[in-house]
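Asker: What follows is each chain in one-letter form.
Protein chains: 2
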Amino acid sequence: MRPDKTYSDFVIVGGVAAGPKTAAVLARRLPNASITLFQKGERLSYATCGLPYFASGDIDSIDSLMRTSYGVLRDRHFFRDTKGFSVFTGAEIIRIDRKKKTVTVKDIEAGEAYNHGYGKLVLATGARPNHPPFPVPDSPLVRHFTTPDDALQFRSLAEKGKIGKASIVGGGFIGCEVAEASGGIWGIETTLFEKEDNILPYIFDPEIAAIVERELSRKGVVVKTATEMIKVTPGVDSPLELHLSDGATVPTDYLFLCLGVRPESGLAKEAGLEIGNSGGIKINRYLQTSDPDIYAGGDCIESAHRLTGAPIFLPMGSLANRHGWVIAENLAGHPTEFEGVLGAFLVKVFDLNLGAVGLSETSALKSGLEVDSVIGSFSDKPDFYPESKTVTAKMVLEKPGGRLLGLQVVGAGDICRRIDVFSSFLSTGAVVDDLLSFEHGYAPPYSESLDPLHHLASLALAQKRGMKILSPFDGSCGNSLCLDVREESEFMMDNVERGVDLAPEVLNIPLGSLRARLDELPRDRKIIVVCKRGPRSYQAALILTAAGFKDVAILGGGVQGLL
Amino acid sequence: MRPDKTYSDFVIVGGVAAGPKTAAVLARRLPNASITLFQKGERLSYATCGLPYFASGDIDSIDSLMRTSYGVLRDRHFFRDTKGFSVFTGAEIIRIDRKKKTVTVKDIEAGEAYNHGYGKLVLATGARPNHPPFPVPDSPLVRHFTTPDDALQFRSLAEKGKIGKASIVGGGFIGCEVAEASGGIWGIETTLFEKEDNILPYIFDPEIAAIVERELSRKGVVVKTATEMIKVTPGVDSPLELHLSDGATVPTDYLFLCLGVRPESGLAKEAGLEIGNSGGIKINRYLQTSDPDIYAGGDCIESAHRLTGAPIFLPMGSLANRHGWVIAENLAGHPTEFEGVLGAFLVKVFDLNLGAVGLSETSALKSGLEVDSVIGSFSDKPDFYPESKTVTAKMVLEKPGGRLLGLQVVGAGDICRRIDVFSSFLSTGAVVDDLLSFEHGYAPPYSESLDPLHHLASLALAQKRGMKILSPFDGSCGNSLCLDVREESEFMMDNVERGVDLAPEVLNIPLGSLRARLDELPRDRKIIVVCKRGPRSYQAALILTAAGFKDVAILGGGVQGLL
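The listed protein sequences derive, respectively, from chains A and B.
Per our numbering, residue 3 is the first one in the first sequence, and the count goes up by one each step.
Per our numbering, residue 3 is the first one in the second sequence, and the count goes up by one each step.
In this list, chains with the same sequence are indistinguishable; a pair is considered to hold if it fits within one copy or across any two.
Here are the simulated lysine to any residue pairs, SDA-like style, with alpha carbons at most 25 Å apart:
#1 Lys552 x Phe475
#2 Lys383 x Phe352
#3 Lys466 x Glu339
#4 Lys271 x Pro135
#5 Lys391 x Ala414
#6 Lys470 x Ser71
#7 Lys528 x Leu32
#8 Lys552 x Leu32
#9 Lys401 x Thr338
#10 Lys391 x Asp353
#11 Lys383 x Pro150
#12 Lys350 x Asp385
#13 Lys383 x Gly73
#14 Lys391 x Phe352
#15 Lys122 x Leu46
#16 Lys350 x Ala414
#17 Lys528 x Thr547
#18 Lys383 x Arg45
#19 Lys401 x Asp374
#20 Lys401 x Pro313
#21 Lys466 x His336
#22 Lys470 x His336
Hints were generated in silico from the structure; no laboratory data involved.
My request is simple: use the sequences and hints to build the entire structure.
Answerer: Shown next as structure tokens:
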């Protein structure tokens, strides 16, 4: 099928997120304009981010990812009758003629091409999965995880019990979500491979990623970091065999390639539009490409990081939707800026909630910034309230001014509030003292009287005044003593051996007895104080310092950060 | 018991929230200073805000409200050994001599008084419950709900099944929490009386409060608004009889007086410190009273509202904790400002989560501001995700610039993120367009690809461009037609009669058929479009307007806002 007309005021290329959003807002703003959207595939406006939850069995039907909340399929009829614009599927744009202002459309079914003129053009061509740097057999059991078909095939095999062992290459967000999908209710023996030293690299620092790795392990997923794959071959006892750099081979029934995506910017490049080093289409603050008649949004563009100004490729459904909105406003004559990106992420991995916004310490250092960081564990509600849960958070600050750079939070508790609030603080260039003025909503079913962000700010200020706060990855220090200031019952109950990782010797003196038992402590050794979450260690360190102990540090996040 | 010394560097009056927080931070900052805290009662540092959850049975033991997370009682030994300051209970401060810089302490048990000198004095004397403006008998069955004893007595009687009928006077936060405690698992026939036209007045506007009132009714609590009480007498068939202004009498077994609190500022007043019109102690940005050697924090002070600058009395445990912190920093020689208050509230009422921050429309109008508002209902997660729930939100803006003034959110879904983020936006003087740049964390288990705040901003901009968005309380409009654009199955299933409240006639044309069925609609009548949450109505109104219909409005928040 092809359009009756040969020209539209607005032509939009891409029908998943940014494309339909642009078209829908534009049709609302300019109801008399002609708007035509071309989509290469047959499916429209599906919720890509929902695919892992279909694969996992949490969502019954993949159909629900393609329907409105009231059950209507988002097909071309829906967009025409409800949203007011024309959609053609199976219609691939193979060329842009910027002089004539036409696109060449290939009608995939009919196998013929035609030209369609545009007033303004919007590119929302999305991204495509990265191919592995190692050879893989052409097998239906080796799949990316980016399309509904990928999810459908896995679930169909999983439901039939046809996958005994699955492997995932790539420990990013999708890799982690797929690990839960595979190792969760389907009970598949699942191994996650990541070539960097920790999963979720760059987004999460090692000590936070370690908490997630331990959760995956607890749930039966084997995590292998710092592990490179050399090749994948058909196996003898299993359909596939993975060959690792250390010479080991791993039999597997199904291989997920979760190696990230890259911008689908070939069409733009061929048309001579400027492309960034990330491979994304370059845009200005109005999401306009180097051709003022062509805008671009969604996963095909390169964004500017709001904290560093550096170009960054950040494919996110939430950003794609906001891009669509901004483009439509600009096209409708209302100049609207897209301020760039901070990188706000949430991801669920079994019983852990994870979130990050801004820069991790690793990324900040890579950007050439001078940074400080603090880590702490907190209750998300008062401990007396039945559903109280713990979160561990790491805050990254710029030295010496204390400008906020990033936050990572992980735990069973409510992390979303903290990420969202921190995001809004980051967008204003706030410094750590600004967090102290944050007025959070408080009631026992929802929060503590002081928010984790208040406590993190307080820790950062204490650190600035000389308190030494270690990260769990700062590790053991030779001759040091680990002083556990929890109550005896807590100390006996769990993690007695944890202290040993930090120091060769562990001593338990409950905080309430510390002032009376100072003479039990050596004055010539480094003392690392630990407790459950951190506040008692903090208090203990102050008591020790006031009593003249010279080399005292606390373990940020306490035993909780080691679980 | 009384102090050995007759002077302390820092004397703190009050041992519940702001007092112990000030002392604890100060002891950390200045470990060699002498710090003495006097508390009139015997109990220290208990979580007042947790009392309703002990009364309700959610919390097993009231003891947990007085212990640390690791089970240690917060008594004078705890504060001395762990926190490093001295505490005396049963020690009432009856006089401040500002010239001599002494306080006169009455040892309640011993019945004698003594003087104690101070370098700096901190008043954290808290608040006391308002007495009713009507006569009440002196009965143990008529109680405020502000102390552990209030909660203990109610629960003891409730557990023994001795309360058949309970009444609550005052529909503020505590009144609502007590209504759940009483009408919940104890199954007591509970009636909530509020003299204003809606419960939670000033904080929530009527259409949002109405959602809460309906939830209370669904859970069996009778809500009587605009109802004044004249007197309470001993009853004939029941221990108590409430007499209402309309002549009715209501038998009751137990009466809660939840009429709010007022600052306990008598001591400060007698010492000649400046007191505000609210009755709270006047403080500057450093929380210093009119005497530079005396600071004050917690429920006894008067704050400045960050949006209006107006003085306001806002007793909140979360603020009290931040006050304590700020006072201690100032006393430790690190000038720290308290920026004033926005009023951020959260409260749980049965299965509804409620939150508000900033000004309601009612309060903003009362402050003399010119305001706009929009209301909408939203899914807190994608509808395809299993645990997705709805929230209804109202945003208040200043005319004409669009400065953000307030947000109210209510629903079964996640409201806390939105309140906290909006609070941080309010603190920077943000305008509505700033919300469009908000980068929220997104993943299906937690959020939609666009946040409710994005949608609210979009609605506000649409309203500015001429879209008429009604509140449920704008009510019926004579000859108007209610156009329900939901699917037929949704229309048939529920709330068919809801439309009748809005207009004498209801017509159902699903949105997807609207363009084809425009001729079924009258062009000479006002059309009020409704759907489930709002987006379909919005789209429908644009279709109608583009087709030349002149008088079209939508119901903000949809049918969801009427449930």
